[in-house]
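Let's have the full structure, built from the sequences with the hints guiding it.
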Amino acid sequence: METNRQVVVITGASAGVGRAVAQAFARRGARIGLIARGRTGLEGAKREVEALGGEALVLPLDVADAAAVEDAASQVEAAFGPIDVWVNNAMTTVFSPIRLLEPDEVRRVTDVTYLGTVYGTMAALRRMLPRNRGKIVQVGSALAYRGIPLQAAYCGAKHAIQGFCDSLHAELLHEGSEVGLTMVNLPAVNTPQFDWSKSRMPRKAQPVPPIFQPEVIARAIVWAADHHRRELNVAWPTTKAVVGNNFAPGYADGYLARNGVDAQMTNEPEDPQRPNNLWEPVDGDFGAHGRFDDRALDRSVELELNLRREWIAAAAAVGAGAAAVALRKPRRMLAALSLLCSATAAAMAATSQRPRFFSAIAQRISTNAARRTT
5 METNRQVVVI
15 TGASAGVGRA
25 VAQAFARRGA
35 RIGLIARGRT
45 GLEGAKREVE
55 ALGGEALVLP
65 LDVADAAAVE
75 DAASQVEAAF
85 GPIDVWVNNA
95 MTTVFSPIRL
105 LEPDEVRRVT
115 DVTYLGTVYG
125 TMAALRRMLP
135 RNRGKIVQVG
145 SALAYRGIPL
155 QAAYCGAKHA
165 IQGFCDSLHA
175 ELLHEGSEVG
185 LTMVNLPAVN
195 TPQFDWSKSR
205 MPRKAQPVPP
215 IFQPEVIARA
225 IVWAADHHRR
235 ELNVAWPTTK
245 AVVGNNFAPG
255 YADGYLARNG
265 VDAQMTNEPE
275 DPQRPNNLWE
285 PVDGDFGAHG
295 RFDDRALDRS
305 VELELNLRRE
315 WIAAAAAVGA
325 GAAAVALRKP
335 RRMLAALSLL
345 CSATAAAMAA
355 TSQRPRFFSA
365 IAQRISTNAA
375 RRTT
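Numbers in the numbering used here are just positions in the sequence shown, counted from 1, shifted up by 4.
Think of the hints as simulated: they come from the structure by calculation, not from any bench.
Using N, Cα and C, we set each Cβ at its ideal position, and we do this for glycine too.
A few of these clues could be false.
[Said to hold, decoys possible] Listed below are the simulated DMTMM-like cross-link pairs for lysine to aspartate or glutamate, each with C-alpha atoms no more than 25 Å apart in a straight line: (1) K202 <-> E274; (2) K208 <-> E47; (3) K208 <-> D75; (4) K202 <-> D108.
[To be verified] Ranges of calculated distance between the beta carbons of each label pair, as one might list FRET restraints: (5) E284 <-> A83: 25 to 31 Å; (6) A71 <-> D170: 23 to 29 Å; (7) Y255 <-> L301: 22 to 28 Å; (8) Y259 <-> L133: 39 to 45 Å; (9) P213 <-> D108: 44 to 50 Å; (10) L301 <-> A174: 31 to 37 Å; (11) R135 <-> R262: 49 to 55 Å; (12) A70 <-> L105: 21 to 27 Å; (13) S78 <-> E54: 39 to 45 Å.
Written as structure tokens, this is what we have:
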């Protein structure tokens, strides 16, 4: 996809992941429609976008309002031209046992998190399908595959997004459409949401460690906008949740029963009177990061491997071929091992990992092989 001056729409753009995504696209000179409820945060995001070389249009609205989302899409195209990328990121949650949830709270979380994604996707499709181009990126989660205690409303909404996207994938394939769709599944992220989400927990909320910085997520989302990938897991905890729930859901139930509640709380007492953003924005310029900078990781090894899995597959194929030859001709075993280690080193170098270990092994094997043949 052409990246020069892309037109991008980002929901939930005033803070957290959406704010980091706006910054990442701005560095590429994108023209960005910034959607969220809080004007103050949107104005802060706009200033950052412009300082980084992009353009921005501030669109204060509630994504639970389908007509408002549709109108925002029209405003973006009137200002910047055809939309190339639409990122559905807006969400809200309630930290609460199910027995204490109010029906209107569940509906509100569903309206924003699930229906907000649906309405954004529909607005994007109305414009992308006739042009037969464009990319929709859904901000998914490990919780779209494995629910956890105290966030039932949010987990249900994320599961719904996954099912919605399954249907859309099949429809796009049936129609032979070139419009792309990728769900980027997040781990725990250091964002301000843990200080403004409604909570009935006795202690302050936190993301379940390990925690990643929002810039890690932004890198994945920008990459997803340019590449054809059905789903992209950002970090190992996400993959572990998906695989674990598929193969051992009962074990996952027990593990979360023992660990899943306390892991979502710090040791600091919660203030039950603090403002929350369930019904109205906690308007302010909060930026991308939450209060967990001292614990958050600024890099995901799995993401780097995932983004370059074609390189790794190629290296593995070369190594497998070399091993097959070696098995037929034992004298070539050392040469095959050397080739496999060299291929692994090349793959790791392509992922910005440290290939020296495998390079050293390859060199030593090659030296030993040379000695044996002399």
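Tell me, which hint numbers fail for this structure? 2, 3, 9 and 13
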